[in-house]
Structures are given as structure tokens and as C-alpha cells.
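Chains as they are written, first to last, in full-length UniProt numbering: chain A, 1 to 117; chain B, 1 to 731.
Simulated from the structure, these hints should not be mistaken for lab results.
Glycine included, each C-beta is placed from N, C-alpha and C at the ideal position.
Cβ pair distances, simulated, as ranges:
(1) Pro111/A / Glu393/B: 32 to 40 Å
(2) Lys83/A / Gln378/B: 48 to 56 Å
(3) Thr47/B / Lys83/A: 47 to 55 Å
(4) Asn341/B / Thr85/A: 52 to 60 Å
(5) Leu93/A / Ser154/B: 29 to 37 Å
(6) Glu332/B / Glu63/A: 55 to 63 Å
Residue-level listing of the chains:
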Amino acid sequence: MLHQAITTGCHPMPITHKIQNDLCTILIRGEISIYTSKLMQETLLELLQSEHIIHIDLSEVNEIDSAGIQLLISLKKYAHNKKTTLQFQEHSLCVLDVIDLYNIAAELGDPLVLTQR
Amino acid sequence: MDLDSAREALIEEARDLLNSMESALLTIEGSNASSEEIDSLFRVAHTIKGSAALFSLDHIVLFTHSMESLLDLVRNNEISINEKMISILLDCKDYLSLLINAVENKTENIDPDPENRATLLNLLDTFLIPTNQIQTISSTDSIEKDEQKQAGDSHWHISLRFNKNNLINGMDPLEFIRYLCTLGKISYIYTITDNIPPLDNINTEDCYLGFEIDLESSKDKKTIESAFDFIRKDSTIRILPPHAKMQEYIDLIHSLPEPPQLLGEIILKGGSITPLELEEILHIQKTEPDRQLGSIFVEENIVAAPVVAAALQKQKQIEDKKNSELKFIKVEAGKLDTLINMVGELVIAGAAANLISKKSNNPAMNEACANLSELVEQIRNSALNLRMVQIKEVFERFPRVIRDTAKDLNKQINLKLMGTETELDKSMIEKLSDPLMHIIRNALDHGIELPQDRINKGKAAQGEIILNAFHDSGSVVIEISDDGAGLNKERILNKAIEKKLINKEAILSEHEIHQLIFAAGFSTAETITHLSGRGVGMDVVKRNIEQLRGEVEVLSEEDSGSIFSIRLPLTMAIIDGFQVMVADSTFVIPLDLVLECAELTPDDEQHNFVNLRGKVLPFIRLRNLFDLPENKSNKENIVVIQYGQHRAGLVVDKLIGEFQAVIKPLGLLFKELKGISGSTILGSGEVALILDVAQLVQFAHKKADISRNTTHKTPLLPLPIPTTSSSDGEQ
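In isolation and in its complexed conformation, chain A is listed as follows:
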């Protein structure tokens, strides 16, 4: 509970979205971590109530931890159950890094620009 207090205090709204026809593009900024995940869960759940196709732009994510990765996977699972099309896009380098380290590119199932190490 302590974390959430810090989150709301220090961070501006990290999730914005725009809707175009039947496509909803969600932009996540800053960090997806244990500190922000609770708040993101709520916002994202709300946004996913619509019938839109969801694209989540990760290009502005500058930090992600295991809680963040869990959030992305659980988001996928939720969308899958709801039969909503949901895709992560424009993964920033730090996101790719963790996806690579955890070897979960297939798990997430989004087209990635594959990094070469």
C-alpha cells in the first residue's frame, strides 16, 4: 500500500490513449514497475472495456521490471479471454532487453524488431 501512495504522489498520469475508428492506441510512458503497476492495472482495465482493437505503444517506456512484465502478460491473457485483439508495439529498448533476457518473445506474441546481440 505504501507504494501506491508514492506513485500517485510523484508521477503524472503515465497512460494516455486515442481512439481512431475501431482502433484504440494506448501510450504508456515512463516505468512499468511494481510502483506503477497497480494504477496501470486499473486504467488499463477501464480502457479494455470497449470493443476496440487495442494497440499498446511501449516506445516511451524507460524502465520495466518483473512486475511490469507480469502485467504485460496478464494483459495479454485478459484480452485473450475477452477475445479482444491486443498488440504491443514499438517496444522500447529496455522492454526488448527484458523480453530477451526472459526469452518470452513467443509468449507475448507481438511482432518485434529483433535485437541482435
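Model the placement of chain B on the given structure of chain A, informed by the hints.
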């Protein structure tokens, strides 16, 4: 028939592989062995063995098996590769080449060199024996199948299931995985995400993750265990050391919450166990029937099949880099030649169509023809490009030759290859190999001195030979330079006089003396070695190069080295030409060699020179050269051509313009004709002669020299064109 072509494929593949093996060995010898090269060596032996087994070529299978065993040990760091081993492996490669040749000649039942085979097998065995003993010791261990384990000495298997409070306590699994990376190399990781609930049910601060990790690490168990000290209390951690027993894997699978089939597949993927072992484990378990590897991911998770492919692409990309040869297809040379001939005909037909369209004054027709000619030109270029091969193909034969020869001669030589990606016609590549070999052997034998002599001369003990190739105004230049002793002028002169190649009184410039080494029957070697010095050296080189319409030259300075420079035309089939006319005859000059055109005013003309913007330019009147009728209009043009360093002017009546010329060789009858290198057919169906710029430039300069030396005006020489002397020393 089919079997024959498969055999051919085997032969070709084996030769490619052997070549790559040789270069890998030489790289290893030159620097330290990287695992990539060792892997590629192993792959060569392994692949040849496999293909040979298909044809039951037991000779090859048995031999490569020994090589493979040795390389396998090297690959697993059980023995390290050394110079002696490299030499033996190079010999093995040579012997294998003989075997492959035997297959090609269908004499595979006769061993080409049984003595050598026995020696090599013995030598290979000397490396193998000590480790065989180790193997027997380990197999006394009563656990069956353990000896088959692919895993090396350092293969750990780690299973992690994090406690749900780990995240909130600040123990991010990410940190542990990153820390493991510092202890060794994670060869495979599988993240278990099955327990993560969907978004509406997740408690974002709980940890749901689990991992199956394969770690290559030389650290001891304590160090690896200590990585998890902080989470030991509440998480599930299983660490299996290298060479863990089967039962331990069975226990591991039992002790973890996931279904055994899934775990089995994960561990299998990481390479900790073999499929056979997994089957056995699962058999013991008597769980659900076998499922195909990989399908499990698609079924168990929310993954679409094409996405798995996308993830796999990464590994593939790396593999693709290694097998870049897969990007090429092999085409029979004859088919290419047919294509190029057809394109040649197309060019001629196109030119004819163009000509007619121009006469017809029909704008639509003209436009259609213009489009057509542009396309024809593109097709021509790509068709010719098909024949272009990187010179690498020739250059890469030399490192081995140089290494072996240098060892024979006790010389230290460093070979540098430059411009290996320079392209030239395939047919030339084949014919270049011999002359280049000759020059290089000469450089090794006569050029580079013994290390002690070099040190005495104040040079580095290690000599250097540089092979360089580059494009230069429509030709390819190949330079072979060494930093050796250089040519000995006096010795060349004496030899040339002795062999009656020149008169005693002859006064020759340094350059001319050097070129004497290309004269027929000339060899300066005082002792005849098996490498060079049989007197069939440089003149043969020169003749070979001239057959390719090229020329060879040597520059040398005593004690600092020599440069042999070979200049070849880019292609031999179709050229961009520049069409000119003298009287009623049309001539074609290779466009690449044309520098500029200008009108010739009588004032410019002084004896055998013209004054071109204040510079002296020797020239030739094609009319006089070919004895053509007088010009009626009195207007003349000069075309400035360049070959190598030299320029000259050609005086003609009319400039026509660019033209794609399909070179048709002149018949045997005209073989000795100088100044003309071929013929081509114009759109009108007329024949035009293609001028040999190299010879014309040379001729213009020689003529200019003569007229400068003899003060009176030399009359221009009519046909037949004076033959340029076969050895440069005759003047």
C-alpha cells in the same frame, strides 16, 4: 543418372567444405582459436562423414570419423588445438581432397595414398588415446546412458519458482537472472508464466514467475547457490550440477508443480538431457502420450504459430550469417553463356530496330524503341553481372600455398589480401589462377629473403606479400607486391645477353631491364628449385595474361621489393563502345577508355604531337594506320584515350556516339593483327572493328619516342601495323 548428379553434389559440397576447413585452420594458426572456427571445423568433418555415409563411401566415413572425434574433443575444450594438430589436420584435408577426387573419377575403391592414410590415422589417434582412457573411467560409473550426455563440464540446470512475496520484498527475479549472467552464460531460459492471472484477477505486486535455466558456468556449486541466498527461505530452488544423474532429473520433474511433459520439454530444449532420456523419464512417469516438440508452446500458451516463427527468426538470422552460401544458387556455366550470347544477339537486334525507327520518323515508334534500348541495356548489365565473380575465389587459394612454401623455405611470410571483393569475369578468374600462382611462388622463392638476411638488411624478419585488386578505368588491376630483395638488374642483363635476348651494346632503361624477365626462356634463378626457376616462368605468365587481353608489368627496386601489376579488361563479352568513323569504315573504342573528344585544328598539330591545352599528346591517324582513303570534308576530330598511365589521341573523321558492342572474336587468320581486338555488328548489319586501345597507346608513344630521337620527321607507317616487339628489349 540421378545418383550421378547427387554424387556430383556431394563432391562439390565436400570441396567447398574442405576449402572452408583450410581457411579456418589457417585463421586459427594465425590467431587464437575461436569457438566459431572450431565449430566450423567440426561441422566440416561431420557433414562430409554424413554425406559420404549416404553413398556408403566407407573410406571417407572412417577417416572423417577419426577427425570428427578429435575435433569434438577440441570443441568441448577437452584438448586444446596446437600447431602440430593444425598441420596434421591440414594434411588430413589434403588426403580427403584426394579421396574426393577418387570419388569423382569413380575410383573410390582404390585408396589414393594408403601409407599417408595410415600415418594420419595414427597421428589422429595419438591425440585421441588419452581421452579415451578418461571416457572408460567415467563409464565405470554405473549410471547408464550418462556417458552419452551431450552436456559439457559446465552445464548446470537451475529451476526457480519465486515466492509471491518476492516482488514486494524487493527481490525482483530480473536481478537474479542478471546476476546469473555474470556467473556464466545462460544457454537457455524458459520463463514459466502460466501462473500469471489475467488482468482483472492479478495482484500486481505478487510474483508469479518461475524459471528453468541452463547455465554454462565454470563456477562451483557454492557460488551458484549463493546467488539465491536472499530468497532461499521462501522460494523453490533446485540446482542440478553438470552430469547430474537421470534420477535427479526425474526427481526434479516430480518436485515441481508444472505438468511433467511440459517440464520435460523445457529441460530437453535447454540441452540438459537428450530426447532418449526424456522419453525414458516420461515412460517411467506414464503420463500423457508424446506430443511434438514445440507444439506444446502453441497449445499451452496464447501464442499464434507465426509468432513462434518470428521469435525463432533471431536464431536463424545468426545462422544465416554463417551459411551465407545458402544465398547463392549454383548454375551450370554453359547456361549462363547461352544467356549472355542471347543477350548479345538482343543487343544487336535492338540496335537494328533503333536504326530503322530513327529513319521512319515516327515519334511513337521512336519512343518505343528508346524504351526498349534502355531495357536491353539493363538486361545486358545484369546478365553480364551474373558472370562476375569476386576475386576472393582466387585469392583464397594462396594462404595455404604460402604457408606451406614458407615452411619449406624456412621463411617467415605474412600474406595480406586486399580488395578481395573486386569482381571480374568468371572465365578470367579461372585463367588467372596459374599466372598468379607463378608470380607468388617467384616472390616467395626469389623475392623474400631468409629471416636472417632480412634482419641484416635492417628489415623485419617477417616478409610481407600483398595481393591487391581494384578497378581502374574500365580494367581490373591485380597487384602482387613483396618487400623482398627486388630484381637484380645486373643479373638480368647478363642473363639476357647470355641467352641472346639483347645485344651487348644495348642501352636499356631500368624499366626495360625489368620487363626482360617476361622474355621467353628467361630464368634468373641460380639454382633450380622445385618451386620456380625452370625457365618456363614469367614468359608463360605473360602469354597467359595476354590471352585474356591483359598485360603484365613489373616495378622493382633493389632491396625494397617488387610489384607485379596485371591489368585486365573488365569483361570480355559486351562493352559500352564509342563509335567513330574514318572514311567509310566504322570503328569502336571501349567507352571506359575514352577521356574526351575534340575537334582537331591544323594549328594544334606539331609533328607527332598535338597540343592539347598546353600539354603534349602523341597521336595516331587511324587513316594512315589502316590505309584508308582521303577525307573529303577536311574536318577531323581527335579522341583522347587512356590506358593505365598513358594517354594518346586517335584522329578520326566523324564521331558517331555511344554504342553497345557485342564483341565477336576475330578468326584465327587475324590472330597476329595488332591494333584490333575484335569485331562487332552494327545495327545496320555492317561489321565494325573494335580498337585495341592498349596497343594503340603503346604504339603512339613508341612512335613519338622514335620521332623525338631521330630529328627528322618519320613517315607514318601504313598497314600492316608494325608489330610491337615481343620482348621489350629489342629496340
